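Participant: Let the hints inform the model, and build the full structure from the sequences given.
Here the protein sequences come in this chain order: A and B. Position 65 of the first sequence, counting from 1, maps to 65 under my numbering, and the rest follow consecutively. Position 44 of the second sequence, counting from 1, maps to 1044 under my numbering, and the rest follow consecutively.
Derived by calculation from the structure, the hints in this document are not laboratory data. Treat the hints loosely; a few may be bogus.
Computed spacing ranges between beta-carbons, pair by pair [said to hold, decoys possible]:
id, chain 1, residue 1, chain 2, residue 2, range
1, B, Gly1074, A, Gln37, 31 to 37 Å
2, B, Ser1041, A, Glu108, 34 to 40 Å
3, A, Glu53, B, Glu1020, 22 to 28 Å
Under 7 Å between C-beta atoms, here's a sample of chain A residues computed to sit facing chain B [claimed, not checked]:
id, residue
4, Pro68
5, Thr69
6, Gly81
7, Asp84
8, Ile85
Fair warning: this is a prediction, and the values are worked out from it, not measured in the lab. Glycine included, C-beta positions come from ideal geometry on N, C-alpha and C.
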Amino acid sequence: MAIEQFIDNEVKNNDVVLFMKGTPQFPMSGFSGQVVQILDYLGVPYKGLNVLENEDLRNGIKSYSNWPTIPQLYVKGEFVGGCDIVREMFQKRELHDFMKQKGLPVKESA
Amino acid sequence: MAMDAGEIERLIRAGIPDAEVTIRDLAGDGDHYAATVIAASFRGKSRVQQHQLVYQALQGQMGGKLHALALQTGVPDAA
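Facilitator: Encoded structure:
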């Protein structure tokens, strides 16, 4: 299956997908680790895809979204952003409301 | 593998002529910067689109020569 199709499937068939370096349990980059911490704090379930395991995936995701860096967060098939945007949205409490608006379970305390 | 702050600022300004750019060198190693780009031409664009415009202005250096650029974008206050 072409990498483009693999990515499209993952993005469309999972509510929240994080293309990252490493895994949620063992992030391998500070930026990926920050987004993992934010998602864990919000308590929203998500799927982590390790781009370090597959060079085609690592490059394919960048052209898929026209975004040059990793991590990349997708919610309900929509590209939300990389570490900067996710952190900014989180700090401004936009991410919590965004997830709720998309019908995703988030911890109320977050 | 590094870019200096002046080069980053020059590229962003060349790509986004009305941009107000402030760059901070986070680590002093020429590899970790924070940049704030404010431009009226960003009005009506999402954060993702605004950041993509900055990355285009950086002509593909982002993620390559330029390893870490913490980016914040926005439009000038109405004031």
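Participant: Which numbered hints turn out to be false for this structure?
Facilitator: Per hint list: 1 and 3 violated.
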